[in-house]
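Just so you know, the sequences run in chain order A and B.
Read the first sequence against the working numbering and you will find it ends at 238, with the numbers running on by one and no gaps.
Read the second sequence against the working numbering and you will find it ends at 1298, with the numbers running on by one and no gaps.
Since the hints were derived computationally from the structure, they do not count as laboratory data.
Every residue, glycine too, gets a C-beta built ideally from N, C-alpha and C.
Warning: the hint list may mix true and false statements.
Quick list of in silico lysine to aspartate or glutamate cross-link-like pairs, EDC-like style, CA-CA up to 20 Å [claimed, not checked]: (1) Lys1144(B) - Asp153(A); (2) Lys1133(B) - Glu208(A); (3) Lys1133(B) - Asp196(A); (4) Lys1159(B) - Glu1178(B); (5) Lys1144(B) - Asp196(A); (6) Lys127(A) - Asp196(A); (7) Lys194(A) - Glu221(A); (8) Lys1149(B) - Asp153(A); (9) Lys1111(B) - Asp197(A); (10) Lys1147(B) - Asp197(A); (11) Lys127(A) - Asp189(A); (12) Lys135(A) - Asp1131(B); (13) Lys1141(B) - Glu221(A); (14) Lys127(A) - Asp1172(B); (15) Lys1159(B) - Glu1185(B); (16) Lys1149(B) - Asp189(A); (17) Lys205(A) - Asp153(A); (18) Lys194(A) - Glu1110(B); (19) Lys194(A) - Glu1178(B); (20) Lys1159(B) - Glu1234(B); (21) Lys1133(B) - Asp1168(B); (22) Lys135(A) - Glu235(A); (23) Lys1111(B) - Asp153(A); (24) Lys1133(B) - Glu221(A); (25) Lys1133(B) - Glu161(A); (26) Lys1147(B) - Glu192(A); (27) Lys1147(B) - Glu172(A); (28) Lys225(A) - Glu172(A); (29) Lys1144(B) - Asp197(A); (30) Lys1133(B) - Glu235(A).
Calculated Cβ distances over 10 Å to all of chain B for the following chain A residues [as the list claims (entries may be wrong)]: (31) Arg123; (32) Gly145; (33) Gln184; (34) Ile193; (35) His236.
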Amino acid sequence: MSASFTSKWSIVGRSLLGSLSNNLVGTVKTTHEVIPRSHYNSIFSQQQRTFIQMRTNLKVVDNSGAKRVMCIQALKGRRGARLGDTIIASVKEAQPRGKVKKGEVVYGVVVRAAMQRGRCDGSEIKFDDNAVVLVNKQGEPIGTRVFGPVPHELRKKKHLKILTLAEHIA
Amino acid sequence: MRLEKCWFCSSTIYPGHGIQFVRNDAKIFRFCRSKCHKNFKMKRNPRKVKWTKAYRRLHGKDMTQDSTFELERKRNRPERYDRNVAENTLKAIKKIDKIRVAREARHHSMRMKGKKAIEQQAAAKELEQSIHLVKAPAALQEDPSLTLPKIRVTVSRSQTEDAWKNNDNAGNPLTWWHRKLNSTLSYARLVY
Chain A
69 MSASFTSKWS
79 IVGRSLLGSL
89 SNNLVGTVKT
99 THEVIPRSHY
109 NSIFSQQQRT
119 FIQMRTNLKV
129 VDNSGAKRVM
139 CIQALKGRRG
149 ARLGDTIIAS
159 VKEAQPRGKV
169 KKGEVVYGVV
179 VRAAMQRGRC
189 DGSEIKFDDN
199 AVVLVNKQGE
209 PIGTRVFGPV
219 PHELRKKKHL
229 KILTLAEHIA
Chain B
1107 MRLEKCWFCS
1117 STIYPGHGIQ
1127 FVRNDAKIFR
1137 FCRSKCHKNF
1147 KMKRNPRKVK
1157 WTKAYRRLHG
1167 KDMTQDSTFE
1177 LERKRNRPER
1187 YDRNVAENTL
1197 KAIKKIDKIR
1207 VAREARHHSM
1217 RMKGKKAIEQ
1227 QAAAKELEQS
1237 IHLVKAPAAL
1247 QEDPSLTLPK
1257 IRVTVSRSQT
1267 EDAWKNNDNA
1277 GNPLTWWHRK
1287 LNSTLSYARL
1297 VY
């Protein structure tokens, strides 16, 4: 709300706000509470869902031992990876005594992406989060289980093993 | 080929249309167009949005229980292909669709049955109560020449006679007001 205020008023307004900022801290909190919940949600939903690119954090949805990886390279595509693409990632969080350790560089297949992807019939599909299944260089999964839904497009990408391990196929 | 239903508005989604959102518990939400998708993202309840099928069903606007809906129901039993069965089904679809449309029309007409009478009643009441907006009551009373019986007679003599003959409710004060209103309006037209 304060952001829109500054954008409406020019530099003068900004300096005014700056001078009043100490007093405003208390009031800003109350105004945030005044904003209706629906409006609040729309602010967050306006965030652009984009490609999986360098520094994108992804959830690992297999039992390889890694919990969170960060993309360091998309293997295909100029603008980044999408649903079904393979990425190179570095393990940021890992469970103790897993197959992969923190700091390792691994390959992974994006099995869920929040950005929508066109399907072969022209409709689109999108998921709740960005999730990855770790694979080795030959494309075989490191873990032995896959959690949550995966898209059937993986069949086209020749990741049949992931599809057979998956709980749900969307 | 399967025709899905939109999660929000319950319209049919033909192949290649719309977007589907897969929640992490693998529930699939299909939307026919971006309008429905946006409404979902705004966390609107389709039962509270007036243009959706869910609202119309809930509020008795549409037919809900009917044997014609049985054909369109989703069945989880696979059917062995049979040419004769397929042919008969295609014939039946047309027939059942016709019946469904007719029943829906009947449902609509039943629902709208008393509407015209209510509307007319309301209009009559409004005319009775707010005639003073058109003509001041004091002016009507104090100067009968303002009501212009002369013009009323000249303009609408034949009409009134016809009306007397044809209309049963010509003696109704309501129709009398109508005529008076017409005459005053025509008088106004003459003046200006």
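Hints, one by one, checked against the model:
no., hint, verdict
1, Lys1144(B) - Asp153(A), "violated (27 Å)"
2, Lys1133(B) - Glu208(A), "violated (27 Å)"
3, Lys1133(B) - Asp196(A), "holds (11 Å)"
4, Lys1159(B) - Glu1178(B), "holds (16 Å)"
5, Lys1144(B) - Asp196(A), "holds (15 Å)"
6, Lys127(A) - Asp196(A), "holds (11 Å)"
7, Lys194(A) - Glu221(A), "holds (12 Å)"
8, Lys1149(B) - Asp153(A), "violated (31 Å)"
9, Lys1111(B) - Asp197(A), "violated (24 Å)"
10, Lys1147(B) - Asp197(A), "holds (15 Å)"
11, Lys127(A) - Asp189(A), "violated (28 Å)"
12, Lys135(A) - Asp1131(B), "holds (19 Å)"
13, Lys1141(B) - Glu221(A), "violated (26 Å)"
14, Lys127(A) - Asp1172(B), "violated (47 Å)"
15, Lys1159(B) - Glu1185(B), "violated (29 Å)"
16, Lys1149(B) - Asp189(A), "violated (28 Å)"
17, Lys205(A) - Asp153(A), "holds (14 Å)"
18, Lys194(A) - Glu1110(B), "holds (17 Å)"
19, Lys194(A) - Glu1178(B), "violated (28 Å)"
20, Lys1159(B) - Glu1234(B), "violated (40 Å)"
21, Lys1133(B) - Asp1168(B), "violated (28 Å)"
22, Lys135(A) - Glu235(A), "holds (19 Å)"
23, Lys1111(B) - Asp153(A), "violated (30 Å)"
24, Lys1133(B) - Glu221(A), "holds (18 Å)"
25, Lys1133(B) - Glu161(A), "violated (28 Å)"
26, Lys1147(B) - Glu192(A), "holds (16 Å)"
27, Lys1147(B) - Glu172(A), "violated (37 Å)"
28, Lys225(A) - Glu172(A), "violated (25 Å)"
29, Lys1144(B) - Asp197(A), "holds (18 Å)"
30, Lys1133(B) - Glu235(A), "holds (12 Å)"
31, Arg123, "holds (23 Å)"
32, Gly145, "holds (21 Å)"
33, Gln184, "violated (6 Å)"
34, Ile193, "violated (5 Å)"
35, His236, "violated (4 Å)"
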